Amino acid sequence: MPVLVSRPLPPLLVLTLGLLASASAEAAPRIEARDAGRGGVFVVVDEGARTVVGRSGAPSATLPRGVAISSVAQLGEDWLVAGTRRMPAGRELYFARGAGGAVRELPLPAGRSGRLRHDPALVVDGARLAGAAWLEGDREGAFAVLWAEWDGEAFLAPATVSPVPPTGTQLALAATQLADGRRLVVWAGYDGEDDEIWAALGDATGWSRPLRVAPDNRVPDITPAVVATPGGALVAWSRFDGEEYRVAMARLEGSRFLAARDLGPPGSLFPSFEATAAGTALLSRDARRGEWELTTLSADGRPGRRARLVAGADDRPLVRADGSGVVWELGERSAISSWD
Amino acid sequence: MVAFGDSITRGDEDDPGRGGYPARLAALLSTPTLTVTVENQGVGGETTAEGLSRLNSLSGGANDTLIVMEGTNDIFRDISPQSIASNVVSLARRGANRGFGHVVVATIIPIGSTSHEGTAQSSRLVAAEIRQASWAADLDQADPNRTFRDQDDFIATIYDGDHIHPNATGYDILAEHFADHFRDVDKLAPALDFVSPASDAEDVPPTVLLELVLFDAQTGVDMANSKLTINGLAVETDATGDGRRVVLQARPGNLTGRPTMGLDARDLADPPNRRVQDVITFTVSGAAFLAGDIDRDGRVDGNDLIVLARAFGSRSGSSRFVARADLDDNGSVDGSDLALLAADFGLSSF
Numbered sequence: 000m001p002v003l004v005s006r007p008l009p010p011l012l013v014l015t016l017g018l019l020a021s022a023s024a025e026a027a028p029r030i031e032a033r034d035a036g037r038g039g040v041f042v043v044v045d046e047g048a049r050t051v052v053g054r055s056g057a058p059s060a061t062l063p064r065g066v067a068i069s070s071v072a073q074l075g076e077d078w079l080v081a082g083t084r085r086m087p088a089g090r091e092l093y094f095a096r097g098a099g100g101a102v103r104e105l106p107l108p109a110g111r112s113g114r115l116r117h118d119p120a121l122v123v124d125g126a127r128l129a130g131a132a133w134l135e136g137d138r139e140g141a142f143a144v145l146w147a148e149w150d151g152e153a154f155l156a157p158a159t160v161s162p163v164p165p166t167g168t169q170l171a172l173a174a175t176q177l178a179d180g181r182r183l184v185v186w187a188g189y190d191g192e193d194d195e196i197w198a199a200l201g202d203a204t205g206w207s208r209p210l211r212v213a214p215d216n217r218v219p220d221i222t223p224a225v226v227a228t229p230g231g232a233l234v235a236w237s238r239f240d241g242e243e244y245r246v247a248m249a250r251l252e253g254s255r256f257l258a259a260r261d262l263g264p265p266g267s268l269f270p271s272f273e274a275t276a277a278g279t280a281l282l283s284r285d286a287r288r289g290e291w292e293l294t295t296l297s298a299d300g301r302p303g304r305r306a307r308l309v310a311g312a313d314d315r316p317l318v319r320a321d322g323s324g325v326v327w328e329l330g331e332r333s334a335i336s337s338w339d
Numbered sequence: 000m001v002a003f004g005d006s007i008t009r010g011d012e013d014d015p016g017r018g019g020y021p022a023r024l025a026a027l028l029s030t031p032t033l034t035v036t037v038e039n040q041g042v043g044g045e046t047t048a049e050g051l052s053r054l055n056s057l058s059g060g061a062n063d064t065l066i067v068m069e070g071t072n073d074i075f076r077d078i079s080p081q082s083i084a085s086n087v088v089s090l091a092r093r094g095a096n097r098g099f100g101h102v103v104v105a106t107i108i109p110i111g112s113t114s115h116e117g118t119a120q121s122s123r124l125v126a127a128e129i130r131q132a133s134w135a136a137d138l139d140q141a142d143p144n145r146t147f148r149d150q151d152d153f154i155a156t157i158y159d160g161d162h163i164h165p166n167a168t169g170y171d172i173l174a175e176h177f178a179d180h181f182r183d184v185d186k187l188a189p190a191l192d193f194v195s196p197a198s199d200a201e202d203v204p205p206t207v208l209l210e211l212v213l214f215d216a217q218t219g220v221d222m223a224n225s226k227l228t229i230n231g232l233a234v235e236t237d238a239t240g241d242g243r244r245v246v247l248q249a250r251p252g253n254l255t256g257r258p259t260m261g262l263d264a265r266d267l268a269d270p271p272n273r274r275v276q277d278v279i280t281f282t283v284s285g286a287a288f289l290a291g292d293i294d295r296d297g298r299v300d301g302n303d304l305i306v307l308a309r310a311f312g313s314r315s316g317s318s319r320f321v322a323r324a325d326l327d328d329n330g331s332v333d334g335s336d337l338a339l340l341a342a343d344f345g346l347s348s349f
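So the protein lines, in turn, are chains C and B. Every letter in the first sequence is one number past the one before it in numbering that gives the first Met the number 0, and letter 50, counting from 1, is 49. Every letter in the second sequence is one number past the one before it in numbering that gives the first Met the number 0, and letter 322, counting from 1, is 321.
To be clear, the hints were calculated from the coordinates, so they are not data collected in a lab. None of the values given here were measured: they were computed from a predicted structure. The reader is advised that the hints may include incorrect statements.
[Said to hold, decoys possible] Cβ pair distances, simulated, as ranges:
1) Ser315(B) <-> Ser337(C): 56 to 66 Å
2) Glu76(C) <-> Asn329(B): 33 to 43 Å
3) Ala203(C) <-> Ile154(B): 46 to 56 Å
4) Asp152(B) <-> Gly100(C): 38 to 48 Å
5) Ala233(B) <-> Ala48(C): 45 to 55 Å
6) Leu257(C) <-> Thr259(B): 46 to 56 Å
7) Asp299(C) <-> Val278(B): 49 to 59 Å
8) Gly312(B) <-> Asp124(C): 26 to 36 Å
9) Gly311(C) <-> Ser58(B): 18 to 28 Å
10) Gly311(C) <-> Ser317(B): 36 to 46 Å
11) His101(B) <-> Thr166(C): 28 to 38 Å
12) Ser315(B) <-> Ala48(C): 22 to 32 Å
13) Gly205(C) <-> Ser315(B): 39 to 49 Å
14) Gly100(C) <-> Thr156(B): 57 to 67 Å
Even for Gly, the Cβ is constructed at its ideal location relative to N, Cα and C.
Let the hints inform the model, and build the full structure from the sequences given.
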């Protein structure tokens, strides 16, 4: 059986979360955004105050009040955050770069077309920022998907990856840089009947038309995640099978997605890709068992070993894994489990 | 009865020992000769997607009622209003398949969370989709979202500090709402959703078709006496629908400037519950605004000055820069813009 709740967290992380918790008599601090792929930097929010926590577990910087962070990335010794802040006429993007305790705001993409901008997703290329995708629209529930390239000094003029759909909206953006230099953005979007998972590929010549990641169906497909692989990318999401949701996965090869397949059991939800010493792994929720499950993946997305942790749905863990097992970090406690 | 949902059903942030709305509802519905029990099946943090898996462990009888109120946590997981509503309908159908003789779908209550600021959707949109989907599926529907929104200053008065969970007073109101639903007592005016044109839309044709949708899952909308208004005055309105969902349409044909579209609607309760309110303001094609009317509300006033003040000193490309406050279009918000605004101060654009 997998769970041994004994291993203490790194002292600095315990101190960080403990100090943050003591500031609040009611709501516990929670992780708002994390970089699952590079370095483990994350953002903790407590009573509206946001702190960037570096991979050492030590607080790195405090962000301005009023910003909400949706994406964070480690770039060498620096980190980047992307989010939004309320403005007099809607909601505006927020980008900042930090090193040590210093925080420097980055200039924003110009050419705003809607008064609301939401959920920016950073894309990094090695140790540099490549660009960001985000949602933009004039009203809630009707967002386009936009992208802006970063030239090292500023964002270039935004490009529309996917316009506002006639009905419904587009949400749950995720993005990555592929090994061949192209960018892949995925999201959940309404097709007039239900939500589907969509993707677009971008290169120096522009963006492809939005592609369905899997054939059209009449059931909701929600919350996609994406990771680049040597030969393309993997996209995982949750699909309603008529009874329950379960994690499905599709592989991008060239410019087309191969047939999607179910990866998780009935009741599996909210996948994210995690970079670990054991290779790329998929973290998901098992609603039937009330557990979090980590599954190692081959480069073409075939599942390997699994490890599980009993924990609440609110407690999405941070994970570290190697060949011997998984360390799960949950607020002020941690757990170790071996692979099944 | 079984109350199925998340931490709001569980009663988080309620006074100790009160048991959230389910315990209160049981007390309200019980009589000296009838004891009603309401089993609390609230699980903190649960989304509708997870609820679909959990509901398989429940079963009911022909005399049992299932109340489904879930979807708030979906908002924080970036699940769209359409998928949330679809899941809620699936939960209700699953409940019927699990033997419950009566299933009630409830809209989620509003959230005003500062700790979750920045989410790309709102509880209002989710509630609207749940109304629409439960109407389309012909499900019995309660509307606590509307009950909460109709309270004065509701976030400040009936919520815990997290602006997600009600306080004890809020749970009292929630239980009263469900009790009214089961007693067939209608205290709520129709809810309005799906308005066209969009709020603050610009360049709207003067002959635009105005439209909004009303929902009233109890006594129904009084279609003959529900009207759209322009600047507070009723206009000739067509009402179509089945009473539970009604579409109001009007084409005044002579719109100018920046009109306010409103509503004067009532239901068929005795006495009727009436909703009179301004809904949206939009700008008609050809409307000319004074330069200082930065917020385009038709007046140059203190609100415009606040926008300019917040952007003062900023240059194009800065996060504080507001293009409309750059009245002379020189790439910065500065003293010359302030002078232009001052020249128009107190004047109306129309």
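Evaluation of the provided hints:
{"no.": "1", "hint": "Ser315(B) <-> Ser337(C): 56 to 66 Å", "result": "57 Å, holds"}
{"no.": "2", "hint": "Glu76(C) <-> Asn329(B): 33 to 43 Å", "result": "40 Å, holds"}
{"no.": "3", "hint": "Ala203(C) <-> Ile154(B): 46 to 56 Å", "result": "48 Å, holds"}
{"no.": "4", "hint": "Asp152(B) <-> Gly100(C): 38 to 48 Å", "result": "40 Å, holds"}
{"no.": "5", "hint": "Ala233(B) <-> Ala48(C): 45 to 55 Å", "result": "49 Å, holds"}
{"no.": "6", "hint": "Leu257(C) <-> Thr259(B): 46 to 56 Å", "result": "53 Å, holds"}
{"no.": "7", "hint": "Asp299(C) <-> Val278(B): 49 to 59 Å", "result": "53 Å, holds"}
{"no.": "8", "hint": "Gly312(B) <-> Asp124(C): 26 to 36 Å", "result": "35 Å, holds"}
{"no.": "9", "hint": "Gly311(C) <-> Ser58(B): 18 to 28 Å", "result": "25 Å, holds"}
{"no.": "10", "hint": "Gly311(C) <-> Ser317(B): 36 to 46 Å", "result": "42 Å, holds"}
{"no.": "11", "hint": "His101(B) <-> Thr166(C): 28 to 38 Å", "result": "32 Å, holds"}
{"no.": "12", "hint": "Ser315(B) <-> Ala48(C): 22 to 32 Å", "result": "31 Å, holds"}
{"no.": "13", "hint": "Gly205(C) <-> Ser315(B): 39 to 49 Å", "result": "26 Å, violated"}
{"no.": "14", "hint": "Gly100(C) <-> Thr156(B): 57 to 67 Å", "result": "40 Å, violated"}
Figure legend: structure checked against the earlier numbered hints; hints not met, in rising order: 13, 14.
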